[in-house]
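Student: Protein chains in written order, with this note's numbering: chain H, 1 to 286; chain B, 1001 to 1425.
No wet-lab data here; the hints were simulated from the structure.
For clarity, every value in this text was computed on a predicted model and none was experimentally measured.
Incorrect hints may appear among the rest.
What the hints assert, rightly or not - To list a few chain H residues with every Cβ distance to chain B over 12 Å, as calculated:
no., residue
1, 111
2, 254
3, 280
As the list claims (entries may be wrong) - Derived PhoX-like pairs (lysine-lysine); straight-line CA-CA distance at most 25 Å:
no., chain 1, residue 1, chain 2, residue 2
4, H, 51, B, 1200
5, B, 1066, H, 51
6, B, 1136, H, 55
7, B, 1161, H, 55
Ideal Cβ positions, reconstructed from N, Cα and C, are used throughout, including at glycine.
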Amino acid sequence: MKSEKDLSTLPIAEQIPTILIRPSRGWVALNLRDLWLYRELLYFLTWRDIKVRYKQTVLGAAWAILQPFFTMVVFSIFFGRLAQVPSDGIPYPIFAYCALVPWSYFAGALDRAGNSLVGSANLITKVYFPRLAIPISAVLAGLLDFGIAFVVLLGMMFYYGTAPTAAVLTLPLFLLLAIATALAVGLWLSALNVQYRDVRYTIPFLTQLWLFATPIAYSSSLVPEQWRALYGLNPMAGVVEGFRWALLGKEPPGPLLAVSVIVVLLLLIGGLYYFRRMEKTFADVV
Amino acid sequence: MSDTAIRVENLSKLYRIGGPQERYKTLRDTLAHAAVAPVHQLRRLGQPAPPQETIWALKDVSFEVKHGEVLGIIGPNGAGKTTLLRILSRITEPTTGHAEIHGRVGSLLEVGTGFHPELTGRENIYLNGAILGMRKVEIERKFDEIVAFAEIEKFLDTPVKRYSSGMYVRLAFAVAAHLEPEILLVDEVLAVGDAAFQKKCLGMIGDVAGEGRTVMFVSHNMHAVSELCETGLLLRSGYLDRDGPIADVIKSYVADAGTASRWTRGERELQPSKKFFFLSAQIVDQNGAVASHLDFGAPFVVEIQYLVARRVTCKPAFHAVNLNGVVAFSSTECDAAGGQDILREPGVYRVRCVVNPNWLMPGTYAIRLSASQTNVEHLDSVDICLQFDIGGVGSLWSLDRRPGLFDLTYEWTLCSFEKAADGYP
């Protein structure tokens, strides 16, 4: 009877006939196949996060717009108007908002991912599934907010008459880079958070500092030419300048972007291995 | 394919049992510790070794379960039963040893894991199903069955935070009951909910077993274990004490329950998260002395002390269990209040129950403590903590070793008699 069923309808565990349980030592394989088997769980966890986010709020999904929008207003008044921060010839409000959209996504995803494991302690101690699904779903769940805020960005582009160039096609890559950055840092923070609850207090502080270290209120062109590639060590600099290039027609980020991509890849791979290494202790420590 | 479903070899698990301040490590503590550790090391030289800070929750446990076998795991609190299930469910890793599982595993360590209070019943069925390892199409196929089983049709689109606790547990269990693994690992989920719910749980395990699937389950309900299982494991402080036919395992468990007439909870067993704990229990005979040998028919007293950490309504109870794991009788503190749960403010309570009349058949009995919130949650239980025997002097049992739970003289009357005429009526 069982053999008549389509493989994809079988319970996940059915596809793993023999399980070996033994203590693991040191660095372990990433086992992404296991994660793939549990992709539906990943989907449901993401879906849960999205569903639950604005339950019992008055403004609901408008929150996704309010935060970046009002930050943009404040930045426009104080940095754009009063401090006269140069914005490379682009109207300051859209210059700032174009950077705030990916930034808000990143900051939100980082916060959720960093606290995700601790917040899912009841799952971790009661059910087996690849633990990577937890921070990954936390990072993905922010994409809806991103989409909503992005629509407002399109409206602003229309208002300011900014026509995108062919570079707009590269936009998904910069979004991917933002996701990868949030995930990479989120993996480290979430695993550390299980051991050290200090992380919970570090995250808001970290995002605040990081906001000013990223060219959001100002342009990366303020950084002297010879140091600009080094600025890419902050991967969000690459993301933000990439967004401005793709949408507002600013000059391409160049070497800065290359440095950002390398940094993110290193952080991400390191984060994945670190996470997997710590994973076995989660249920006992969390 | 071999007929072995689970093979466990020398499985051990070491836990650190630091004080509460060590449970949440902070970075500062780690740094501070690193700074002062060398000094401490120097000071410690020449002094006796510090008290042990680790505990073997499981030590060198080996056994095998065949396909289609129903195995009961019994043992006192803290014996490592849940740890064993957690390792086999891959929630945590063993420290040494290994295990092999042939077949797909479903584990049920808790009902309603991952339920989100803000989501509706419908949404939680999908979420919980996915968490337990079901596929979306599989959940869709069984959706109507799950809803019918849980009896929540009307409330399908209501957030579960508005559910009564009974509905919540029923829904949670309905999802779990529709998991169809070859090997099912069940922790003491049976302890949750009311009698009807427990019956449903047991029925589910019975069904799974009847279909030839393998079941491993932990329970304090000796009666359920002896009915459902063929074989059993007895764990004691992490060691495998006995392994074999369930009747033998239960017998050796109840018989060696330890020092019988008085029990006090070990400090290590106190979990800060719990609202209710049993602290101690003892059996007092009619002369007021703590005793484990009682005369037949003589009343006795069960004295129980418990701690309430947070205001709670509860039903503290005890069960008297015989050597076969059958509950001879049980009694709750709420009986006087018409069976309603009683409200308890934080504090330490001492209660006593006079067992009078005592109709128990001569033999050996054990006392099990249990406290729950009717239809809501299980608060605390202590398996087989006291043991006593009832002497045979003066009993009917002493005349003919008759079977039964109670030794009672009932009235017999001869209603009619016709003398046989010539041998035949």
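Student: Taking the hints in turn, state whether each one holds.
Tutor: Now the hints, each set against the structure:
1. With a least CB separation of 19 Å from chain B, residue 111(H) remains clear of the 12 Å interface cut-off, as annotated.
2. For residue 254(H), the shortest C-beta to C-beta distance to chain B comes to about 38 Å, beyond the 12 Å cut-off, and the non-interface label holds.
3. Listed as a non-interface residue, residue 280(H) fails to keep its Cβ farther than 12 Å from every Cβ of chain B; the least gap is roughly 4 Å.
4. With a C-alpha separation of about 32 Å, the suggested pair residue 51(H) and residue 1200(B) falls outside the 25 Å cut-off, and the hint is violated.
5. A hinted pair counts as satisfied when its Cα atoms are at most 25 Å apart, and residue 1066(B) with residue 51(H) does not qualify at roughly 43 Å.
6. Simply put, residue 1136(B) and residue 55(H) have alpha-carbon atoms about 24 Å apart, close enough for the 25 Å limit, and the pair holds.
7. For the given pair, residue 1161(B) sits about 12 Å from residue 55(H) by alpha-carbon distance, which is consistent with the 25 Å threshold.
Violated hints, in rising order: 3, 4 and 5; the structure is consistent with all others.
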